[in-house]
Structure formats: structure tokens, C-alpha cells
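Student: Place chains B, C, D, E and F with the ligands on chain A using the hints.
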Amino acid sequence: MESLFLSNLTAPPLLFFFLGALAAFARSDLEIPTQIGKFLSLYLLMAIGFKGGLALSASPLDASVLRDLGVALCLAVIVPIYAFCIIKRFTPAADAAAIAATYGSISAVTFVTGTSYLDSLGVPWSGHLVAAMALMESPAIIIGIVLYQTANREDADAVGLNWRAIGREACLNGSVVLITGALIIGYVASPSAAAQITPFTADLFVGMLCLFLLDMGIVAARRLQDLRKVGGQAQQSPGILLLFAIALPLVNATITAFVAVWLGLPEGDALLLTLLGASASYIAVPAAMRLALPQANPSVYLSMSLAATFPFNLLIGIPLYHQFTLWLAAT
Amino acid sequence: MESLFLSNLTAPPLLFFFLGALAAFARSDLEIPTQIGKFLSLYLLMAIGFKGGLALSASPLDASVLRDLGVALCLAVIVPIYAFCIIKRFTPAADAAAIAATYGSISAVTFVTGTSYLDSLGVPWSGHLVAAMALMESPAIIIGIVLYQTANREDADAVGLNWRAIGREACLNGSVVLITGALIIGYVASPSAAAQITPFTADLFVGMLCLFLLDMGIVAARRLQDLRKVGGQAQQSPGILLLFAIALPLVNATITAFVAVWLGLPEGDALLLTLLGASASYIAVPAAMRLALPQANPSVYLSMSLAATFPFNLLIGIPLYHQFTLWLAAT
Amino acid sequence: MESLFLSNLTAPPLLFFFLGALAAFARSDLEIPTQIGKFLSLYLLMAIGFKGGLALSASPLDASVLRDLGVALCLAVIVPIYAFCIIKRFTPAADAAAIAATYGSISAVTFVTGTSYLDSLGVPWSGHLVAAMALMESPAIIIGIVLYQTANREDADAVGLNWRAIGREACLNGSVVLITGALIIGYVASPSAAAQITPFTADLFVGMLCLFLLDMGIVAARRLQDLRKVGGQAQQSPGILLLFAIALPLVNATITAFVAVWLGLPEGDALLLTLLGASASYIAVPAAMRLALPQANPSVYLSMSLAATFPFNLLIGIPLYHQFTLWLAAT
Amino acid sequence: MKPCKRIEIVVEEALTRRLEELLEAVGAPGYTMLPRASGNGDRGVRRGDDPTGTFTNCVFIIACDDEATITAIIEGVRPLLQRSGGICLVSDAMWVRH
Amino acid sequence: MKPCKRIEIVVEEALTRRLEELLEAVGAPGYTMLPRASGNGDRGVRRGDDPTGTFTNCVFIIACDDEATITAIIEGVRPLLQRSGGICLVSDAMWVRH
Amino acid sequence: MKPCKRIEIVVEEALTRRLEELLEAVGAPGYTMLPRASGNGDRGVRRGDDPTGTFTNCVFIIACDDEATITAIIEGVRPLLQRSGGICLVSDAMWVRH
Ligand SMILES: Nc1ncnc2c1ncn2[C@@H]1O[C@H](COP(=O)(O)O)[C@@H](O)[C@H]1O
Ligand SMILES: Nc1ncnc2c1ncn2[C@@H]1O[C@H](COP(=O)(O)O)[C@@H](O)[C@H]1O
Ligand SMILES: Nc1ncnc2c1ncn2[C@@H]1O[C@H](COP(=O)(O)O)[C@@H](O)[C@H]1O
Ligand code: NA
Ligand code: NA
Ligand code: NA
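Chains as they are written, first to last, in the working numbering: chain A, -7 to 323; chain B, -7 to 323; chain C, -7 to 323; chain D, 2 to 99; chain E, 2 to 99; chain F, 2 to 99.
Accuracy of the hints is not assured; some may be wrong.
List of simulated lysine-lysine pairs, DSSO-like, C-alpha gap at most 30 Å [to be verified]:
{"no.": "1", "chain 1": "D", "residue 1": "Lys3", "chain 2": "F", "residue 2": "Lys3"}
{"no.": "2", "chain 1": "E", "residue 1": "Lys3", "chain 2": "D", "residue 2": "Lys6"}
{"no.": "3", "chain 1": "F", "residue 1": "Lys6", "chain 2": "E", "residue 2": "Lys3"}
{"no.": "4", "chain 1": "E", "residue 1": "Lys3", "chain 2": "D", "residue 2": "Lys3"}
{"no.": "5", "chain 1": "E", "residue 1": "Lys6", "chain 2": "F", "residue 2": "Lys6"}
{"no.": "6", "chain 1": "E", "residue 1": "Lys6", "chain 2": "D", "residue 2": "Lys3"}
{"no.": "7", "chain 1": "D", "residue 1": "Lys6", "chain 2": "E", "residue 2": "Lys6"}
{"no.": "8", "chain 1": "D", "residue 1": "Lys6", "chain 2": "F", "residue 2": "Lys3"}
{"no.": "9", "chain 1": "E", "residue 1": "Lys3", "chain 2": "F", "residue 2": "Lys3"}
{"no.": "10", "chain 1": "F", "residue 1": "Lys6", "chain 2": "D", "residue 2": "Lys3"}
{"no.": "11", "chain 1": "F", "residue 1": "Lys3", "chain 2": "E", "residue 2": "Lys6"}
{"no.": "12", "chain 1": "F", "residue 1": "Lys6", "chain 2": "D", "residue 2": "Lys6"}
The hints are simulated quantities; they were obtained by calculation from the structure and are not laboratory data.
Chain A on its own, in the form it takes in the complex (with noise of 0.2 Å):
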């Protein structure tokens, strides 16, 4: 077990990670601009989505598909009730609301880096998890504000919320548009067109991973230190708030693996649906929220998810995970 976690930790994606996190505790002044992170995201979530798209086409897409995705989906609707439900105790509603969300729903670098971990362990893993990450992207956006309108019924019916506007807003939202888009267009290419395109999605793909999370890295280490500053605006102790950003992924992590177990995935399978459930949002769901719940703070949600949860599932997450599969699928 301790070999996973070192050899985890000594990956050269967290590698740079660690080295962009230390870069901004340190005020150096490394920085990638801003258009090139947003590019190296795109680049991650094209090429996820066309890789999973020709893995999905190599198999048949048979019942069992069709069943994780159910369930991945109905993981997506729940997991950010019970999430809603305690952490209203702690925080305003809004916050709550946006809290559940944003750990409802998944992030996609997360994940990805989960892939590059596999891959590098021979670990073989089905395309169809990406069409599941794809599908639990959404829902939780929708869920939490209907959660928080349930909870504050007067001050939702003064915002008038636009529920089409919302609705759009969650479905169509880059990254999903992104990854469904390039998974149908993997599904759909021809061999020899898919033979093309490999170089840039296949074997470019570690060496931008790494990149992209040396600029989380830096923005990351940056939110954490603003946090610390403004940790008075917040209504709550930044102790509570990081206790939350590692005990939600844990609690989801673990009823994601079980579900995985109960399911029988494949080793690879189960530990990548793990840690769909323990990841949260720092893209998408933020985004929404900006609009749809403007008065939940972005300082608290933004803050936990990209700071604490992100990092968390990387460095111990990852492997972790893959060890409690593991071990709950030989019991």
C-alpha cells in the first residue's frame, strides 16, 4: 500500500503540481497566463473525451453500460442532498446550497489525472467512465438550487430565478458540451482518422497534464493564502470549512466505492467512479452558482474545492481509493 502512495506522490503530473504550489507559497513570481491554462484545460477535456470515445467504440455498448451510467447518475441527484442536508447545520443556506453542488457534481482534472495514474500502473479502465463523468457534471447544479430554493423559499421567489436560463446553463456548459462532443466524435471515427489525431491526444497527453497542474498548482497555493486573509468575511472558521473540503470527498468516496464493489467494476473502473463521487467542481458548478445563487460566497465554495479537495484527492485521494477498492472488493 505504502508503494501506491509513494509511487503516487513521485509521479511527475503531482510532481508539478507540488512544484507550482511551492512556486506561489514562495511569491515566485512563475506564472502561466491565463489564456494558456484555459487552453490546457480544453486540450485535457478534448483529448479525455476523444480517448474515451475510442475505448467505448472498441467495446459493445451493452446493458452494463447503460446501468453504470444509471447509476452514476443517480449518484450526482444524492450525493449532494445528504451533502445539502448536513452542512446547512454549519453554513447559510446559500453556501450550503453552492457547497453541495460544487461536491455533487466532478472534476474532470481529477479524474484525468486518475487515468494518467492507471495507465502508468497498467491498469487497464473502460471508456464509458467518461461518458458517466460527463453525465454527473450537471445535475448537481440543478439540485442544489433547488435545494436551497426548497430551504429559503422567500428570497429564491424574490431573485425570480430563470429556470431555463439555468437549466441551459448547466447542460450546455463548456466542459460538458467538450467531452460529450469529442467522446461521440472518438465513437464515431474511423480507424484510420482516429490513427491521426492519436499523436496530439495520446502522447502529448501527460506532458500537458503536467503543465496544467503546475498552474493549479499556483492557483491553488494562491486561493489557499487569500483564504487565510479574508477568513474573517467568511461566516465560518476556515478550520470547519477545511474540515468539510477533506471529510465530503471521504464520506462520498466511500459510498461511491462501495457502489462500485456492489456493482462489480473492474479494478479500474471502480476506483475512477471513486473518485468521480469524491471529486468536486471548480469550473462548471462555480460558474453557475455565480449566477444562480450570487449571494452564496465564492471565497468559501471555490476556495474548498480548488484549494483543499483538489489537492486532497491528488496527493492521498488517488491512491487511497484505489487501495480501499481494492480491499473491499477482496472482502
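Tutor: Only chains B, C, D, E and F with the ligands this time, still in chain A's reference frame:
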């Protein structure tokens, strides 16, 4: 014939173009940062120039190459002249001149997509077509302005055109310089030096093209939406403009295809030359027109070229012209 | 010897540098977006660091490596001191200090172009030269400021230099952090992990270098034009500055070459160390000088380094120093 | 040249589309938008560096010479600022008519 | 501090070089240019997203305290705006002399 | 709405952090920063195109209604401008309170 259309429509680059257009029509927030769009476009120009130069250095420069280049240059001069004569009956002279220049010039990305179409079919093409492309980019700019001046002597004099500046801007616009430069560099590069660069210029080519066409899909769809909105501003109905945007490439393609077959060009070269005739500029010419003919409305000529002709050539034009040149050559 | 010069001048990276410079002199609108320029530069630093780390891990860290690093560090301390003594006779003390710091430090891209030159000739070089480069980047900044303070005690006191901030900015500037970090990551990476990243860091290297040198050609040519325009502002004639910009690298190269040959370095390493001595910083040092020595004129030191020394080293320096070290070693 | 008001609004980039829709709805004669600004205010630092755009601002500049439209813009932007932060400055300027 | 005019000009990015040449020609004391703005006006939306720069704006800010130069800038920019669109605003400001 | 001063500062990007620290130190109520500006002035052209950021500017906008803070900002920024160049403009504006 149907299979050519179908295999073209399911080529990943085209599908990414669709994906971008769909995302924009659905008002998704999917977006490629501007500087990334420019980077992808620079990459494609550099890569196609280098490829062309390598191909050119492999086959001796003989009389037929010079003949083809001469013919390409003639096309670039003649096309805008007759286009102007037709269009100026329907639009103000400035707009007619700008449209003529736009359609007399070429679209490097349409060309590049054509080469990727041929590569996927295994049809060879010659490097000197890239040189033809570079040659065909600028003349239409000068011709367009001369035409406008001839038709509108008074207004043109009032503006006080700076011919030296126009000439320089036409011949030294960034894309011409980059394609030509990369072509020459590819031509003189030693085989071992070329081998160090091809992983960049050749292996990534289709993947980068996919990402760029995703961007172009978004931009074209948005421009189409804007065109509908501000339709009333132009002095023509959008319908007429759309008609021209489809009719002009068809006419130009027909003429160029006859020339290509009359020259006895091999299959791949005939398609590429036809594509150069049929395609319309949406970078170099509009940029030059904004400076030299500001009285022309860019919503007219740029939208026609970008939002109608470009997708038309990509989706239908390429296999159609292919089929047509094959049929012409056979009869 | 002529063949070395010629093969260097026809190497694609150099030709792209020429292309950019030509485009800028001709006032073409060819332009690499700023964030793309930074991305390319980050890529090169990451790639050369990673490459160096891999090479280092392949050969055992022995005493000679430590000796080379120590010598490199000494050079970085001595060069700015004698440079300052010479230059301060001709320019104000602040400018002299900034120039000394600039030429005492190194240019990573010149180094990188040197490695690509060696690779194309099939001459091997050692990974620890990358470590030497990282070590040589910062000391000159501190030395330069100390020299200025010693020469101008009063002014320096008035400014109230914040030595802690200067030290941090010198040692933690982005390029040092990225090269060092990537070097360490390359060193500890397992062979299988390294194999996943090399398509990114190694295969794309020369292509990305070409694109970056295209950008540098544009920037250097523009700076040269600006230098002529504002020449009157500086307190020295552009002629003197240009002379220094060629003489300083020649002197530094001669000294370093003697040291390299005296150390008995193999051919490739001797060239790279000489190149480190000869090259001048145009990113890290100017950035630090703007903060610590704002009274020095950046049009002087940055233009000398970027618009004269950088092209000189690239075009003539690399083969010249190569020839010189070979000749020294033979005698 | 004729007198007008120069309205300058700083909001986070996520709200760009909302603000554009508002300006169109109230009939603003035009606007210019500068993206990718960073900033600092009551709600803490917005570095303009994260991939979400939540901590990135943008600046709108609106020249307007119609009293009613000016009021409509200000009243329309107020709730936006209340919920999501930002500032709105109004100053006098002369509009060079062309 | 001394009083001056703050001139703000929005034109499309393609005209940047023309405007810079104009400012140099009339002897403007300096200028600052913010690139990559989007906008909306009489000539429709300019999204700032296309690869041509035709639908992208930029903003020039010029501080100037010389009457004659101010007039020269305004008169020089007017035909540019007439042909290609854009706006020019002039307002009062105090220039902190250093 | 209440009256305030709108302070606009152009400095080179390398000084961003210094200026931010200054604004924090004197208690400015907030600021907005627009990066990647180019410009021209006494010290020659700054194209905003080089990899060092030395020839790139940025624009700070600060709304402030407290006399003492305004003075502190102006006096704090003056030595910065003296050594490294740039400009500082102060004008009147109305601050839309939300
Ligand atoms: N006094 C101010 N001057 C200039 N910009 C400000 C000021 N206060 C706030 N801002 C801008 O508005 C954004 C949101 O402000 P706030 O809602 O106060 O956090 C900040 O990130 C700044 O960009
Ligand atoms: N009233 C206005 N306020 C601010 N910016 C404007 C205004 N009108 C036009 N603009 C800017 O000027 C550009 C060209 O305007 P127009 O020529 O009216 O289409 C627009 O894209 C805007 O960026
Ligand atoms: N009169 C001015 N109007 C607007 N911006 C200016 C002016 N003078 C200087 N600047 C800006 O301040 C920067 C430094 O100016 P300087 O110190 O005069 O070289 C320039 O690059 C411009 O961006
Ligand atoms: Na989750
Ligand atoms: Na054409
Ligand atoms: Na040196």
C-alpha cells in the same frame, strides 16, 4: 459519390467544426481564448508551409511547377474582376470591391482541411500547391482596390489612397509571410533537420486542425447569428448575400476545375487548386480592407466568407469539387 | 569551419529567427500573441529542465559534476564584476551595473538552441550543464546591485534597498524555479513515467523552438528599430552600446572557453559552458533590475542583450565558440 | 462635441452576458468592454488568474447622453452589484460627434 | 497636479497603427493603449473573438494639457471614426506631475 | 450616489505588486487593474510585446472618497512614477452606492 460526402462529414476535423457551431447556436459558454485561436492558426500556416517546402524539395522544380504557379496567379487576378462585375449590380461599389477581393483570395484553413481530406483518402498532392496558395493570397487585395477606384473615381481620390502602404500591407500580411517563410525553410532544411521538426508539424497537424475548426465553428455560428440581428443595417437582404456566398464559390470552383483538368493536374492537385479558387479569405483580405476600404461594411464581406462560404466549402465543397474534377478528367 | 557556420545558419530554428526579424523589419503584421510567447518560453524551460534531469539520472553524480557546478557559479560571480569595471567608464553607474548583471547571467534560449545545434551534429552533452545554467541565472542580479551600491553609496542608501526582497526575487524568479523544478522532476522520474512525457518534452522540442525563435526574431528586430529611434535619450551613442553588445560576449566566451578546456570538459559540454558565459539574460535579470535598479535605463541593457547579443550568439557565436573550444582543446 | 455621462462598471466576468442584455434592454447607445481585469474590494482579492472566471473582473464603459437611459442603466446595475459586488462610477464627459 | 484633458478613443484594433501614427504626428505627449476590447454600437456587435481583429476594439487613453494638441487629436481622429466607427470622449482631469 | 475621486495610474507591469502593496498599505477601498497595456511616453515606446514585461504597462483604476487616502495614494505613487515612468490622472466622479 455519396461515400465521399459521408466520409467527409464524419471526418473528425469537420465534426469538431459542427460541435463548435452547435455549441454556439445553443448558446453554450464553450470558448477558445482569442490568443489560442491565433496560435492554432499560426501553427497551421507554419506546418502547411513547412510540409509544402519538404514536398517541393523532394521533387525537382520543373517547368510544369512554374506553369501551375503562373496559372494560379492569373486566377487570383481574374476571379475578383468578374466577381466585381457581377456583384456591383446588387451592392454598393465599396462592398462589391471588398467581396470581390475576399473571393479572389484564398482561405488557408480550407486548403489545409483539403490536404487532410486527401491524406485520409491516401491521395497524394504536390508541395508547390502550397506555393500557389501563398501566391494567390494577396493579388486580390490590390485588384479589389483598383476596381473600386476605377468605379468610384471621386470618392477614391478623396480618401487619398496610400498605394505604397496598401502594396506593403497586401504582400506582407502575416499569413503570406509565414507560409512563404516556412515553405522556403522546409525547402532548404536538411533531411535530418526536417526529421526533428516533423513530430511538431506533421504528427500534431490533424489534432491542432480539430481544435482550430472547433474555434471556427463557434466563431462562424456567432457571426451568422449577428448577421441575422443586424441584417437591416446592410443595404442588401441577408438572403441575397447568402446566395452569393454559395454561388460565388460554385462558379469559381467550376472555372478553376476546368483549368485544373485542362492543365492535366493529378487528382489531388486538381482538387486543391479548385479549392483555392472556391475558397474565400477571412483573415488577410478583411484585415487589409478595413484599412484600405473602410467604407465597405465588414459585416457583409466578412460574414459571407466566414459564416457561409467557409462552412459550405468544408462540408459540401470539398467532396463535391473532388467528384467534379474526377468526372471532368474522365470526360 | 565554414561548414559549421553554414550548417548553423541553415538550421530551421535560426531560419525562423531570420524570418521573424525580416518580417518585423519589413513592417509585416506577423505577430505571435504575447501569452503564446510566454507559453513557448515556459515550455522550453520545462523541457530543457526535464531533459537535463533525465540525463543527470542516467550518469552518476560524481565529484566532477560538483566541480563543474562550482566553476559555473564562480563564473557567474566574476563576470559581472570585471564587466562592471570596464563598462562604468562609459556609462552611468546604474546602467553599468544593470549591463554587468545582464551579461553575468545567462539566456536559457541561447543554451537551448546550443543543445539543439549539438543534437543536430550528433555531439553528446551532459545533463548537469542544465543545472549549471540554473545556478548561473541569479547570482549576477545580486552582484550587480552590490556593485552599484558600492559605487554609488549615497543614492543607494536613499532608495532604501530591501535586500530580502531582492534576494527572493533573484533566486525565485520564475525561470530559475521552473528549470530547477523540472530538472529535479526529470531526475526522480521513473523510466516509465519519463517515457510518457518525452513525446511532449523531446519530440516537440525543435518545432516549439522554431516558433519561439520566430517570435524572438520579431521582438529583437522591433527593439532594434526602437533603439535607433530613442537613441538620443540614452547618454551613450548606440554605436558604443552595440560595440559592447558584441565585445562582451566575445570576451566572456574566451575566458569561459579557457576554463572549460582547462577543466577538460568534453566537446559538447565545453561549448555549452562557453555559451552560458557568452550569453546575456533578457528575461530574469531585466525583470529584477526594473524593481531593484529602476534608475537604470531598460532601453539600454535590455536592447543590448535582446537585439544584439542574442542574435549574435545564435547566428555567429554558437559555431564560433564551438570552433574555438575545439581548437583550444587541440592545442 | 456634446456633453454626456461616462458610466464605468466593474463586475466579474461571469456577469458579462447579463450586463450586455441589460444594456440592450434599456437601450444604451453602445458600450465597450475590457475583459480580464483583476481587482480588490470588499469581497477580497480577485486575481484574474483562475480557470473559472469567478475571480476575474471586466470593465464596461458606456457613453450616454440620454437622462432616462442613464437612470435605467444605473438602476438596472444596482441589484447586480448588490448581489455580486463591483462598482459603478459616473462622470461628465464631452462626446466627440462624428 | 495640473489640469489636463483626458481623451479616450475606442477604435477597432486594425486601426491601432494608424492612430499611433496620428498621435505621433500631432505631437501627443504620450498614450496608453488597452487591446482586445469588445463592444457594441451603431455598426453592430464587435465580439472581440474573431481571428481577423476586425471585430475587436482597442481603447486609447491620452492625457494632454496643450489646447492646440488636443484640438489636433480630436480633428485627426474624427475622419477615422466617421469611416470606421468608434467613439471619442473628452473629460477634465488633474495630471499628477512627477 | 456620492462624489468621489477616480484615480487612474499607468505603470509598467513589473511594478504591479509594488502598487498593490502600496494601495493596501494606505487603505484604498479597492482597485481594478487592467493588464497588458502598451503605451508611449517620455521613456519611449512600450510595445507590450516582449517576454519580460518590462515594456508592458498596466492601468489601475481606484475610486476613493476619503481625502486623506487620496492624498496618500498620490504621494505614494509619485516616487514610483519618478523612478520608473508612467502617469497618474485624478478626476471627479459619482460613485453609485449599492
Ligand atoms: N474603490 C474601488 N476602486 C476601483 N475598483 C474597485 C473598488 N472597489 C471595488 N472595485 C472593483 O470591484 C470588484 C468587486 O468589488 P467588491 O464587490 O467590493 O469586492 C473588485 O475586485 C474591484 O475590481
Ligand atoms: N455609447 C458608447 N459607449 C461606449 N462605447 C461605445 C459607444 N458607442 C460605440 N462604442 C464603441 O465603439 C465601437 C464602434 O462603435 P460604432 O461605430 O457605433 O459601431 C463599439 O464596438 C464600441 O466598442
Ligand atoms: N500623456 C500620456 N497619456 C497617456 N498615457 C501616458 C502619457 N504619458 C505616458 N503615458 C503612459 O505611461 C507610460 C510611461 O510613460 P513615460 O514614463 O512618460 O515613458 C507610457 O508607456 C504610457 O503608457
Ligand atoms: Na463528486
Ligand atoms: Na478564391
Ligand atoms: Na553570461
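Student: Does each hint fit the structure? Answer for all of them.
Tutor: Verification of the hints:
Distance hint between lysine 3 (chain D) and lysine 3 (chain F) is fulfilled; the C-alpha atoms sit about 24 Å from each other, no more than 30 Å. Restraint check for lysine 3 (chain E) and lysine 6 (chain D): satisfied, since their Cα atoms lie roughly 23 Å apart, inside the 30 Å limit. Between lysine 6 (chain F) and lysine 3 (chain E) the alpha-carbon distance is near 15 Å, which keeps this suggested pair within the 30 Å criterion. Distance restraint check for lysine 3 (chain E) and lysine 3 (chain D): the Cα-Cα separation of roughly 24 Å lies within the 30 Å cut-off, and the hinted pair is therefore satisfied.
Distance hint between lysine 6 (chain E) and lysine 6 (chain F) is fulfilled; the C-alpha atoms sit about 16 Å from each other, no more than 30 Å. The suggested pairing of lysine 6 (chain E) with lysine 3 (chain D) holds, with an alpha-carbon distance near 15 Å, which does not exceed 30 Å. Our distance criterion of 30 Å between C-alpha atoms is met by lysine 6 (chain D) and lysine 6 (chain E), whose separation comes to about 16 Å. Distance restraint check for lysine 6 (chain D) and lysine 3 (chain F): the Cα-Cα separation of roughly 15 Å lies within the 30 Å cut-off, and the hinted pair is therefore satisfied.
With a C-alpha separation of about 24 Å, the suggested pair lysine 3 (chain E) and lysine 3 (chain F) falls inside the 30 Å cut-off, and the hint holds. A distance of roughly 23 Å separates the Cα atoms of lysine 6 (chain F) and lysine 3 (chain D); the hinted pair therefore holds under the 30 Å criterion. In summary, the hint linking lysine 3 (chain F) to lysine 6 (chain E) is supported, as the alpha carbons are separated by about 23 Å, within the 30 Å threshold. About 16 Å separates the Cα atoms of lysine 6 (chain F) and lysine 6 (chain D), which keeps this hinted pair within 30 Å; it holds.
This entry satisfies every hint, going by the numbered hints stated previously.
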